[in-house]
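> Sequence:
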Amino acid sequence: MILYNIIYRREKATPAWYRNPTIMKKRFWGMDKKKIIIAASIVLLVIVGIVIALRIHYIKSVPTLDELPDTMIDPNATVEETSEEETTEEVQQNVGYSVTINPSSSWEENGKYVTQFDVVLTNDSAASISDWKITFDNVADGDIVNAWNGKISISGGAMTVTPEDYNGTVNAGEKVECGVQVAFTDGEAAGKVSKNGVLYVGGEKVDVLASANETATEQSTENETTAEETEEEKPKKEVKAESGTPYDNHGALSVKGTDLVDKNGEKYQLKGVSTHGLSWFPDYVNKDAFATFRDDWGANIVRLAMYTDEGGGYCTDGDKAKIKALVKSGIDEATELGMYVIVDWHILHDLTPLKYEDEAKKFFEEISSEYKNSDNIIYEICNEPNGGTEWPDIKKYAEDIIPIIKKNDSNAVIVVGTPNWSQDVDIAAKDPIKGYDNIMYTLHFYAATHKDDLRGKLTTAKNAGLPIFITEFSICEASGNGTVDYDSAKAWFKLINDNNLSYCAWNVSNKDEKSSLIKSNVSKKSGWTEDDLSETGVWIRQQMK
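Under our numbering, the first residue of the sequence shown is numbered 6, with each subsequent residue one higher.
The hints are simulated quantities; they were obtained by calculation from the structure and are not laboratory data. Among these hints, one or two may not hold up.
The list that follows gives simulated cross-link-like pairs (lysine-lysine, BS3-like), each with its CA atoms no further than 27 Å apart [stated by the list, open to error]: (1) 329 with 261; (2) 333 with 495; (3) 401 with 261; (4) 377 with 329; (5) 495 with 516.
Could you build the full structure based on these sequences and the hints that come with them?
Structure (C-alpha coordinates):
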(Lines of atoms letter the chains of each structure in order from A; the text may use other names.)
(Lines give C-alpha, C1' and ligand atoms only; values in the text may rest on other atoms or scores of the structure.)
Protein backbone atom coordinates (compact mmCIF):
# COMPACT_ATOMS: atom_id res chain seq x y z
CA MET A 6 0.00 0.00 0.00
CA ILE A 7 2.86 2.35 0.75
CA LEU A 8 4.34 1.80 -2.69
CA TYR A 9 0.92 2.28 -4.26
CA ASN A 10 0.50 5.64 -2.56
CA ILE A 11 3.94 6.74 -3.63
CA ILE A 12 3.75 5.74 -7.29
CA TYR A 13 0.04 5.64 -8.16
CA ARG A 14 -1.43 8.50 -6.17
CA ARG A 15 -4.19 10.31 -7.91
CA GLU A 16 -3.09 12.58 -10.78
CA LYS A 17 -4.59 15.68 -9.25
CA ALA A 18 -2.26 15.29 -6.33
CA THR A 19 0.86 15.20 -8.47
CA PRO A 20 2.78 18.35 -9.42
CA ALA A 21 2.80 19.64 -13.02
CA TRP A 22 6.43 18.73 -13.56
CA TYR A 23 5.66 15.08 -12.83
CA ARG A 24 2.80 14.97 -15.36
CA ASN A 25 4.85 16.66 -18.09
CA PRO A 26 7.70 14.41 -19.33
CA THR A 27 9.76 17.27 -20.66
CA ILE A 28 9.59 19.13 -17.40
CA MET A 29 10.16 15.89 -15.47
CA LYS A 30 13.32 15.09 -17.44
CA LYS A 31 14.77 18.49 -16.81
CA ARG A 32 13.77 18.36 -13.16
CA PHE A 33 15.19 14.88 -12.66
CA TRP A 34 18.58 15.47 -14.23
CA GLY A 35 18.84 18.70 -12.44
CA MET A 36 18.74 16.91 -9.07
CA ASP A 37 21.82 16.34 -7.00
CA LYS A 38 23.27 12.86 -7.79
CA LYS A 39 23.59 12.02 -4.10
CA LYS A 40 19.87 12.57 -3.59
CA ILE A 41 19.09 10.34 -6.57
CA ILE A 42 21.10 7.45 -5.14
CA ILE A 43 19.44 7.76 -1.73
CA ALA A 44 15.99 7.81 -3.26
CA ALA A 45 16.70 4.77 -5.41
CA SER A 46 18.01 2.84 -2.42
CA ILE A 47 14.88 3.55 -0.44
CA VAL A 48 12.66 2.35 -3.26
CA LEU A 49 14.73 -0.84 -3.66
CA LEU A 50 14.52 -1.65 0.05
CA VAL A 51 10.77 -1.20 0.02
CA ILE A 52 10.42 -3.57 -2.95
CA VAL A 53 12.60 -6.24 -1.29
CA GLY A 54 10.56 -6.01 1.90
CA ILE A 55 7.34 -6.53 0.01
CA VAL A 56 8.70 -9.59 -1.82
CA ILE A 57 9.81 -11.19 1.47
CA ALA A 58 6.43 -10.53 3.07
CA LEU A 59 4.60 -12.12 0.14
CA ARG A 60 6.91 -15.17 0.27
CA ILE A 61 6.29 -15.74 3.98
CA HIS A 62 2.58 -15.45 3.49
CA TYR A 63 2.68 -18.02 0.69
CA ILE A 64 4.67 -20.54 2.73
CA LYS A 65 2.28 -20.27 5.66
CA SER A 66 -0.68 -20.78 3.39
CA VAL A 67 0.62 -24.10 1.93
CA PRO A 68 -0.50 -27.17 3.98
CA THR A 69 1.99 -29.89 4.98
CA LEU A 70 1.57 -33.52 3.93
CA ASP A 71 0.18 -34.28 7.37
CA GLU A 72 -2.47 -31.57 6.90
CA LEU A 73 -3.52 -32.75 3.46
CA PRO A 74 -6.54 -35.06 3.19
CA ASP A 75 -5.66 -38.65 2.30
CA THR A 76 -7.48 -38.25 -1.01
CA MET A 77 -5.02 -35.56 -2.08
CA ILE A 78 -2.08 -37.84 -1.41
CA ASP A 79 -3.64 -40.84 -3.14
CA PRO A 80 -6.58 -40.04 -5.44
CA ASN A 81 -7.63 -43.70 -5.36
CA ALA A 82 -7.55 -44.00 -1.59
CA THR A 83 -10.71 -44.44 0.42
CA VAL A 84 -10.84 -42.19 3.43
CA GLU A 85 -11.63 -44.19 6.57
CA GLU A 86 -11.58 -43.25 10.20
CA THR A 87 -8.83 -45.21 11.96
CA SER A 88 -8.22 -44.83 15.66
CA GLU A 89 -4.74 -44.62 17.11
CA GLU A 90 -5.36 -47.87 18.96
CA GLU A 91 -6.23 -49.72 15.73
CA THR A 92 -3.09 -48.41 14.01
CA THR A 93 -0.90 -49.49 16.91
CA GLU A 94 -2.52 -52.91 17.01
CA GLU A 95 -1.92 -53.42 13.29
CA VAL A 96 1.78 -52.62 13.67
CA GLN A 97 2.07 -55.00 16.61
CA GLN A 98 0.45 -57.77 14.62
CA ASN A 99 2.95 -57.31 11.83
CA VAL A 100 6.06 -57.27 14.02
CA GLY A 101 4.88 -58.98 17.21
CA TYR A 102 5.89 -62.58 16.55
CA SER A 103 9.19 -64.38 16.18
CA VAL A 104 10.07 -68.02 15.61
CA THR A 105 13.55 -69.47 16.05
CA ILE A 106 15.17 -72.87 15.76
CA ASN A 107 18.50 -73.58 17.39
CA PRO A 108 20.55 -76.80 17.09
CA SER A 109 21.58 -76.84 20.73
CA SER A 110 23.43 -80.14 20.88
CA SER A 111 24.46 -83.09 18.74
CA TRP A 112 26.15 -86.47 19.07
CA GLU A 113 26.76 -89.71 17.21
CA GLU A 114 24.54 -92.68 17.99
CA ASN A 115 24.16 -96.01 16.20
CA GLY A 116 25.95 -94.73 13.13
CA LYS A 117 23.76 -91.64 12.80
CA TYR A 118 24.15 -87.99 13.71
CA VAL A 119 21.60 -86.92 16.29
CA THR A 120 20.84 -83.23 16.74
CA GLN A 121 18.57 -81.59 19.27
CA PHE A 122 16.66 -78.58 17.96
CA ASP A 123 15.11 -76.05 20.33
CA VAL A 124 12.13 -74.27 18.76
CA VAL A 125 10.77 -71.06 20.29
CA LEU A 126 7.61 -69.16 19.33
CA THR A 127 7.42 -65.71 20.96
CA ASN A 128 4.26 -63.60 21.00
CA ASP A 129 5.12 -59.96 21.66
CA SER A 130 1.89 -58.67 20.14
CA ALA A 131 -1.00 -57.20 22.11
CA ALA A 132 -3.31 -60.19 21.66
CA SER A 133 -3.20 -63.94 22.21
CA ILE A 134 -2.87 -66.36 19.30
CA SER A 135 -4.13 -69.91 18.88
CA ASP A 136 -4.22 -72.72 16.34
CA TRP A 137 -0.61 -72.03 15.37
CA LYS A 138 1.81 -73.93 13.16
CA ILE A 139 5.48 -73.38 12.34
CA THR A 140 7.43 -74.75 9.39
CA PHE A 141 11.16 -74.75 8.71
CA ASP A 142 12.68 -75.44 5.29
CA ASN A 143 15.82 -77.26 4.14
CA VAL A 144 15.36 -80.18 6.53
CA ALA A 145 16.85 -83.43 5.31
CA ASP A 146 14.84 -86.58 5.93
CA GLY A 147 15.64 -87.95 9.34
CA ASP A 148 14.21 -90.07 12.12
CA ILE A 149 12.63 -88.23 15.03
CA VAL A 150 14.12 -89.78 18.14
CA ASN A 151 12.28 -87.72 20.71
CA ALA A 152 10.05 -84.62 20.83
CA TRP A 153 8.40 -82.58 23.55
CA ASN A 154 5.98 -79.67 24.03
CA GLY A 155 4.83 -79.98 20.41
CA LYS A 156 3.77 -82.35 17.65
CA ILE A 157 6.69 -82.42 15.24
CA SER A 158 7.06 -84.12 11.88
CA ILE A 159 9.46 -84.06 8.92
CA SER A 160 8.25 -84.47 5.36
CA GLY A 161 9.17 -83.18 1.92
CA GLY A 162 12.18 -81.23 3.13
CA ALA A 163 10.28 -79.34 5.82
CA MET A 164 9.85 -79.67 9.57
CA THR A 165 6.37 -78.89 10.90
CA VAL A 166 5.67 -77.98 14.52
CA THR A 167 2.12 -77.83 15.90
CA PRO A 168 0.98 -77.45 19.51
CA GLU A 169 -0.06 -79.95 22.09
CA ASP A 170 -3.48 -79.58 23.66
CA TYR A 171 -2.06 -77.59 26.56
CA ASN A 172 -0.07 -74.96 24.62
CA GLY A 173 -2.28 -74.24 21.62
CA THR A 174 -2.92 -70.71 22.88
CA VAL A 175 0.00 -68.32 23.36
CA ASN A 176 -0.97 -65.26 25.35
CA ALA A 177 0.43 -61.80 24.67
CA GLY A 178 3.96 -61.47 26.03
CA GLU A 179 4.44 -65.23 26.38
CA LYS A 180 6.35 -67.87 24.44
CA VAL A 181 6.23 -71.59 23.72
CA GLU A 182 9.39 -73.69 23.74
CA CYS A 183 9.43 -77.04 21.95
CA GLY A 184 12.20 -79.53 21.33
CA VAL A 185 13.01 -82.40 19.01
CA GLN A 186 15.90 -84.79 18.54
CA VAL A 187 16.47 -85.90 14.95
CA ALA A 188 18.81 -88.64 13.72
CA PHE A 189 20.36 -87.77 10.33
CA THR A 190 22.55 -89.91 8.09
CA ASP A 191 24.45 -86.78 7.02
CA GLY A 192 26.56 -85.12 9.71
CA GLU A 193 26.13 -81.69 8.11
CA ALA A 194 22.36 -81.86 7.66
CA ALA A 195 21.53 -80.03 10.88
CA GLY A 196 23.47 -76.95 9.84
CA LYS A 197 21.44 -76.57 6.65
CA VAL A 198 18.08 -76.12 8.36
CA SER A 199 16.58 -72.69 7.68
CA LYS A 200 16.82 -70.54 10.78
CA ASN A 201 13.80 -68.46 9.81
CA GLY A 202 10.53 -70.27 10.34
CA VAL A 203 7.15 -69.56 8.76
CA LEU A 204 4.28 -69.00 11.20
CA TYR A 205 0.64 -69.80 10.47
CA VAL A 206 -2.18 -68.71 12.77
CA GLY A 207 -5.64 -70.07 12.11
CA GLY A 208 -4.38 -71.51 8.84
CA GLU A 209 -3.14 -68.17 7.51
CA LYS A 210 0.48 -67.12 7.15
CA VAL A 211 1.42 -64.14 9.30
CA ASP A 212 4.44 -61.88 9.28
CA VAL A 213 7.19 -62.60 11.77
CA LEU A 214 10.51 -61.05 12.61
CA ALA A 215 12.15 -63.00 9.82
CA SER A 216 15.58 -61.68 10.67
CA ALA A 217 15.32 -62.46 14.36
CA ASN A 218 18.16 -64.95 14.22
CA GLU A 219 20.33 -62.71 12.07
CA THR A 220 19.62 -59.74 14.31
CA ALA A 221 20.54 -61.76 17.37
CA THR A 222 23.72 -62.94 15.68
CA GLU A 223 24.67 -59.42 14.61
CA GLN A 224 23.93 -58.09 18.08
CA SER A 225 25.92 -60.92 19.61
CA THR A 226 28.87 -60.19 17.32
CA GLU A 227 28.65 -56.48 18.06
CA ASN A 228 28.48 -57.10 21.79
CA GLU A 229 31.34 -59.57 21.65
CA THR A 230 33.48 -57.18 19.62
CA THR A 231 32.77 -54.42 22.10
CA ALA A 232 33.56 -56.77 24.97
CA GLU A 233 36.80 -57.75 23.28
CA GLU A 234 37.82 -54.13 22.78
CA THR A 235 36.93 -53.31 26.37
CA GLU A 236 38.84 -56.33 27.59
CA GLU A 237 41.92 -55.30 25.63
CA GLU A 238 41.76 -51.74 26.90
CA LYS A 239 41.17 -52.78 30.50
CA PRO A 240 44.35 -53.71 32.36
CA LYS A 241 44.27 -57.25 33.68
CA LYS A 242 43.78 -57.59 37.39
CA GLU A 243 46.96 -58.67 39.08
CA VAL A 244 46.62 -62.08 40.68
CA LYS A 245 48.74 -62.62 43.74
CA ALA A 246 50.57 -65.93 43.80
CA GLU A 247 49.62 -68.18 46.70
CA SER A 248 51.88 -70.43 48.66
CA GLY A 249 50.42 -73.73 49.76
CA THR A 250 47.68 -75.75 48.11
CA PRO A 251 44.23 -74.44 47.20
CA TYR A 252 42.60 -76.39 50.02
CA ASP A 253 45.22 -75.35 52.57
CA ASN A 254 44.53 -71.72 51.78
CA HIS A 255 40.77 -71.80 51.40
CA GLY A 256 39.48 -74.85 53.25
CA ALA A 257 35.84 -75.90 53.31
CA LEU A 258 33.70 -73.98 50.85
CA SER A 259 30.13 -72.81 51.26
CA VAL A 260 27.50 -70.84 49.37
CA LYS A 261 26.72 -67.28 50.38
CA GLY A 262 24.03 -65.60 48.30
CA THR A 263 24.99 -66.40 44.72
CA ASP A 264 28.68 -66.84 45.48
CA LEU A 265 30.94 -69.67 46.45
CA VAL A 266 33.02 -68.53 49.44
CA ASP A 267 35.99 -70.00 51.28
CA LYS A 268 36.60 -70.74 54.96
CA ASN A 269 37.16 -67.02 55.59
CA GLY A 270 33.87 -66.05 53.98
CA GLU A 271 35.63 -64.49 51.00
CA LYS A 272 34.50 -65.08 47.41
CA TYR A 273 36.42 -67.91 45.80
CA GLN A 274 36.45 -69.03 42.19
CA LEU A 275 37.04 -72.67 41.36
CA LYS A 276 38.57 -73.19 37.92
CA GLY A 277 39.64 -76.48 36.49
CA VAL A 278 39.01 -79.33 34.11
CA SER A 279 36.65 -82.24 33.64
CA THR A 280 37.68 -85.73 32.67
CA HIS A 281 35.96 -87.42 29.75
CA GLY A 282 34.04 -90.63 30.56
CA LEU A 283 35.99 -92.53 33.21
CA SER A 284 35.27 -95.85 31.51
CA TRP A 285 36.77 -94.65 28.22
CA PHE A 286 39.77 -92.58 29.34
CA PRO A 287 40.73 -93.94 32.77
CA ASP A 288 44.47 -93.31 32.36
CA TYR A 289 44.07 -89.56 32.73
CA VAL A 290 42.92 -90.04 36.32
CA ASN A 291 46.34 -89.89 37.93
CA LYS A 292 48.14 -87.69 40.41
CA ASP A 293 50.73 -86.40 37.93
CA ALA A 294 48.03 -85.27 35.51
CA PHE A 295 46.17 -83.44 38.27
CA ALA A 296 49.45 -81.86 39.42
CA THR A 297 50.12 -80.62 35.89
CA PHE A 298 46.76 -78.88 35.81
CA ARG A 299 47.32 -77.40 39.26
CA ASP A 300 50.90 -76.22 38.80
CA ASP A 301 51.03 -75.34 35.10
CA TRP A 302 47.45 -74.30 34.37
CA GLY A 303 46.51 -72.75 37.71
CA ALA A 304 43.63 -75.18 38.23
CA ASN A 305 42.24 -75.84 41.69
CA ILE A 306 39.54 -78.42 40.87
CA VAL A 307 39.05 -81.61 38.85
CA ARG A 308 35.69 -83.05 37.81
CA LEU A 309 35.29 -86.84 37.60
CA ALA A 310 32.69 -87.58 34.90
CA MET A 311 31.09 -90.95 35.64
CA TYR A 312 28.69 -91.80 32.80
CA THR A 313 25.61 -93.72 33.90
CA ASP A 314 23.79 -94.93 30.76
CA GLU A 315 26.16 -95.06 27.77
CA GLY A 316 28.28 -98.04 26.71
CA GLY A 317 30.42 -98.89 29.71
CA GLY A 318 28.14 -96.78 31.91
CA TYR A 319 27.87 -97.31 35.64
CA CYS A 320 24.19 -98.27 35.46
CA THR A 321 24.33 -100.30 32.25
CA ASP A 322 27.10 -102.64 31.13
CA GLY A 323 30.05 -101.05 32.92
CA ASP A 324 32.11 -102.69 35.64
CA LYS A 325 30.59 -101.01 38.70
CA ALA A 326 33.37 -101.96 41.09
CA LYS A 327 36.11 -100.82 38.71
CA ILE A 328 34.39 -97.52 37.90
CA LYS A 329 33.69 -96.78 41.54
CA ALA A 330 37.29 -97.57 42.45
CA LEU A 331 38.46 -95.09 39.80
CA VAL A 332 36.20 -92.40 41.27
CA LYS A 333 37.66 -93.00 44.72
CA SER A 334 41.18 -92.97 43.32
CA GLY A 335 40.49 -89.61 41.68
CA ILE A 336 39.15 -88.22 44.95
CA ASP A 337 42.21 -89.42 46.85
CA GLU A 338 44.69 -88.02 44.33
CA ALA A 339 43.00 -84.62 44.22
CA THR A 340 42.88 -84.55 48.02
CA GLU A 341 46.60 -85.33 48.30
CA LEU A 342 47.30 -82.37 46.01
CA GLY A 343 45.10 -80.05 48.03
CA MET A 344 42.65 -79.67 45.15
CA TYR A 345 38.87 -79.69 45.11
CA VAL A 346 37.04 -82.46 43.26
CA ILE A 347 33.57 -82.89 41.75
CA VAL A 348 31.94 -86.31 41.81
CA ASP A 349 29.73 -86.17 38.72
CA TRP A 350 26.73 -88.50 38.24
CA HIS A 351 26.92 -88.00 34.49
CA ILE A 352 23.43 -88.63 33.10
CA LEU A 353 23.05 -88.04 29.37
CA HIS A 354 21.27 -90.64 27.25
CA ASP A 355 19.20 -91.63 30.26
CA LEU A 356 17.48 -88.22 29.72
CA THR A 357 15.95 -88.00 33.20
CA PRO A 358 17.70 -88.56 36.55
CA LEU A 359 14.66 -90.49 37.72
CA LYS A 360 15.60 -93.42 35.45
CA TYR A 361 18.40 -94.64 37.72
CA GLU A 362 17.41 -92.90 40.94
CA ASP A 363 17.75 -96.03 43.06
CA GLU A 364 21.30 -96.55 41.80
CA ALA A 365 22.08 -92.90 42.50
CA LYS A 366 20.85 -93.21 46.08
CA LYS A 367 23.16 -96.17 46.74
CA PHE A 368 26.13 -94.51 45.06
CA PHE A 369 25.88 -91.18 46.87
CA GLU A 370 25.18 -92.91 50.19
CA GLU A 371 28.43 -94.87 49.85
CA ILE A 372 30.64 -91.99 48.65
CA SER A 373 29.32 -89.36 51.07
CA SER A 374 29.62 -91.80 53.98
CA GLU A 375 33.18 -92.84 53.13
CA TYR A 376 34.32 -89.25 52.53
CA LYS A 377 32.18 -87.46 55.10
CA ASN A 378 35.24 -85.74 56.57
CA SER A 379 36.61 -84.57 53.22
CA ASP A 380 35.60 -80.95 52.80
CA ASN A 381 37.08 -80.68 49.31
CA ILE A 382 34.37 -82.80 47.60
CA ILE A 383 31.50 -81.29 45.64
CA TYR A 384 28.63 -83.53 44.57
CA GLU A 385 27.09 -83.02 41.11
CA ILE A 386 23.99 -85.20 41.24
CA CYS A 387 22.72 -85.06 37.63
CA ASN A 388 24.87 -83.80 34.78
CA GLU A 389 22.52 -82.85 31.93
CA PRO A 390 18.80 -83.65 32.16
CA ASN A 391 17.42 -83.48 28.61
CA GLY A 392 14.85 -84.93 26.22
CA GLY A 393 12.04 -82.82 27.63
CA THR A 394 12.77 -83.58 31.29
CA GLU A 395 11.14 -80.73 33.19
CA TRP A 396 12.25 -78.95 36.34
CA PRO A 397 9.62 -80.53 38.66
CA ASP A 398 11.06 -84.00 37.90
CA ILE A 399 14.64 -82.81 38.44
CA LYS A 400 13.63 -81.06 41.65
CA LYS A 401 11.89 -84.19 42.95
CA TYR A 402 15.01 -86.24 42.24
CA ALA A 403 17.23 -83.66 43.93
CA GLU A 404 15.01 -83.57 47.00
CA ASP A 405 15.42 -87.36 47.23
CA ILE A 406 19.23 -87.36 46.83
CA ILE A 407 20.23 -84.26 48.81
CA PRO A 408 19.10 -85.61 52.23
CA ILE A 409 21.17 -88.76 51.69
CA ILE A 410 24.35 -86.74 51.17
CA LYS A 411 23.52 -84.19 53.89
CA LYS A 412 22.93 -86.98 56.41
CA ASN A 413 26.61 -87.89 56.11
CA ASP A 414 28.07 -84.46 55.31
CA SER A 415 25.76 -81.68 56.41
CA ASN A 416 27.96 -78.94 54.93
CA ALA A 417 28.53 -80.53 51.54
CA VAL A 418 28.20 -78.33 48.46
CA ILE A 419 25.76 -80.00 46.05
CA VAL A 420 25.24 -78.98 42.43
CA VAL A 421 21.87 -79.74 40.79
CA GLY A 422 21.41 -80.09 37.02
CA THR A 423 18.82 -77.99 35.21
CA PRO A 424 16.48 -78.66 32.25
CA ASN A 425 17.55 -78.74 28.62
CA TRP A 426 21.13 -80.00 28.98
CA SER A 427 21.63 -77.83 32.09
CA GLN A 428 20.83 -74.59 30.33
CA ASP A 429 17.47 -73.48 31.73
CA VAL A 430 18.75 -72.04 34.98
CA ASP A 431 16.15 -69.28 34.67
CA ILE A 432 13.41 -71.89 35.10
CA ALA A 433 15.07 -73.32 38.21
CA ALA A 434 15.41 -69.79 39.59
CA LYS A 435 11.62 -69.46 39.67
CA ASP A 436 11.25 -72.51 41.93
CA PRO A 437 14.54 -73.25 43.71
CA ILE A 438 15.12 -76.07 46.16
CA LYS A 439 14.45 -74.97 49.73
CA GLY A 440 15.40 -76.20 53.17
CA TYR A 441 19.10 -76.87 52.53
CA ASP A 442 22.28 -74.81 52.58
CA ASN A 443 25.08 -74.92 50.01
CA ILE A 444 22.98 -75.84 46.97
CA MET A 445 24.12 -74.65 43.55
CA TYR A 446 22.73 -75.13 40.06
CA THR A 447 24.41 -76.30 36.87
CA LEU A 448 24.84 -74.34 33.66
CA HIS A 449 26.72 -75.80 30.68
CA PHE A 450 27.72 -73.97 27.53
CA TYR A 451 29.60 -74.55 24.29
CA ALA A 452 30.67 -71.14 23.03
CA ALA A 453 30.19 -71.71 19.29
CA THR A 454 26.58 -72.80 19.86
CA HIS A 455 25.44 -70.96 22.96
CA LYS A 456 25.66 -67.20 22.85
CA ASP A 457 23.66 -64.18 24.01
CA ASP A 458 20.47 -66.14 24.68
CA LEU A 459 22.09 -68.49 27.17
CA ARG A 460 24.22 -65.73 28.66
CA GLY A 461 20.95 -63.89 29.20
CA LYS A 462 19.47 -66.90 31.01
CA LEU A 463 22.49 -67.00 33.29
CA THR A 464 22.20 -63.30 34.10
CA THR A 465 18.47 -63.60 34.74
CA ALA A 466 18.94 -66.54 37.10
CA LYS A 467 21.81 -64.92 38.99
CA ASN A 468 19.87 -61.68 39.38
CA ALA A 469 17.05 -63.77 40.83
CA GLY A 470 19.48 -65.08 43.47
CA LEU A 471 20.39 -68.49 42.02
CA PRO A 472 23.96 -69.72 42.75
CA ILE A 473 25.39 -71.11 39.49
CA PHE A 474 28.34 -73.44 38.82
CA ILE A 475 29.53 -74.02 35.23
CA THR A 476 30.63 -77.61 35.74
CA GLU A 477 31.17 -78.19 32.01
CA PHE A 478 31.93 -75.98 29.01
CA SER A 479 34.02 -75.69 25.89
CA ILE A 480 34.68 -73.10 23.21
CA CYS A 481 33.55 -75.23 20.24
CA GLU A 482 30.09 -76.40 19.19
CA ALA A 483 27.72 -78.29 21.48
CA SER A 484 28.59 -81.56 19.75
CA GLY A 485 32.05 -81.28 21.28
CA ASN A 486 33.39 -80.79 17.79
CA GLY A 487 33.07 -78.29 14.94
CA THR A 488 34.48 -74.79 14.91
CA VAL A 489 35.90 -72.73 17.76
CA ASP A 490 34.26 -69.35 18.38
CA TYR A 491 36.80 -67.15 20.15
CA ASP A 492 34.56 -64.07 20.21
CA SER A 493 31.79 -65.91 22.01
CA ALA A 494 34.32 -67.59 24.30
CA LYS A 495 35.71 -64.19 25.30
CA ALA A 496 32.20 -62.93 26.01
CA TRP A 497 31.57 -65.97 28.20
CA PHE A 498 34.78 -65.52 30.16
CA LYS A 499 34.05 -61.87 30.75
CA LEU A 500 30.68 -62.87 32.21
CA ILE A 501 32.31 -65.66 34.23
CA ASN A 502 35.00 -63.48 35.76
CA ASP A 503 32.75 -60.48 36.32
CA ASN A 504 30.38 -62.69 38.33
CA ASN A 505 32.89 -64.90 40.18
CA LEU A 506 31.54 -68.05 38.55
CA SER A 507 33.37 -71.34 38.98
CA TYR A 508 33.97 -73.60 35.99
CA CYS A 509 35.43 -76.85 34.63
CA ALA A 510 36.57 -77.21 31.02
CA TRP A 511 35.57 -80.25 28.98
CA ASN A 512 37.57 -82.54 28.46
CA VAL A 513 40.82 -84.20 29.57
CA SER A 514 41.54 -86.64 26.76
CA ASN A 515 43.24 -86.96 23.40
CA LYS A 516 40.03 -87.92 21.64
CA ASP A 517 40.01 -86.62 18.07
CA GLU A 518 37.47 -83.86 18.64
CA LYS A 519 37.62 -80.11 19.14
CA SER A 520 36.78 -80.07 22.84
CA SER A 521 39.65 -82.36 23.84
CA LEU A 522 42.38 -80.47 25.67
CA ILE A 523 45.18 -82.77 24.46
CA LYS A 524 46.18 -83.26 20.83
CA SER A 525 45.00 -86.56 19.37
CA ASN A 526 48.57 -87.62 18.47
CA VAL A 527 49.90 -87.05 22.00
CA SER A 528 49.99 -90.14 24.19
CA LYS A 529 51.37 -88.55 27.37
CA LYS A 530 49.06 -88.77 30.37
CA SER A 531 50.65 -85.87 32.30
CA GLY A 532 53.40 -83.27 32.08
CA TRP A 533 52.08 -81.71 28.89
CA THR A 534 53.81 -78.75 27.27
CA GLU A 535 51.95 -76.18 25.21
CA ASP A 536 52.93 -78.08 22.06
CA ASP A 537 51.02 -81.09 23.39
CA LEU A 538 47.81 -79.14 23.81
CA SER A 539 44.99 -78.81 21.31
CA GLU A 540 43.77 -75.46 20.02
CA THR A 541 41.10 -75.54 22.72
CA GLY A 542 43.59 -76.58 25.39
CA VAL A 543 45.99 -73.74 24.60
CA TRP A 544 43.26 -71.10 24.82
CA ILE A 545 41.67 -72.40 28.03
CA ARG A 546 45.03 -72.72 29.75
CA GLN A 547 45.71 -69.06 28.95
CA GLN A 548 42.41 -68.03 30.55
CA MET A 549 42.98 -70.13 33.65
CA LYS A 550 46.53 -69.07 34.46
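> All hints are to be evaluated individually against the structure, with a verdict given for each.
Against the structure, the hints:
Taking the CA atoms of residue 329 and residue 261, the gap is about 32 Å. The hint is violated against a cut of 27 Å. Taking the CA atoms of residue 333 and residue 495, the gap is near 35 Å; set against the 27 Å cutoff, the hint is violated. For the suggested pair residue 401 and residue 261, the alpha carbons sit about 24 Å apart, so the restraint of at most 27 Å is met. Among the hinted pairs, residue 377 with residue 329 is consistent with the structure: their alpha-carbon atoms are about 17 Å apart, no more than 27 Å.
Only pairs whose Cα atoms come within 27 Å are accepted, and residue 495 paired with residue 516 is accepted, the gap being roughly 24 Å.
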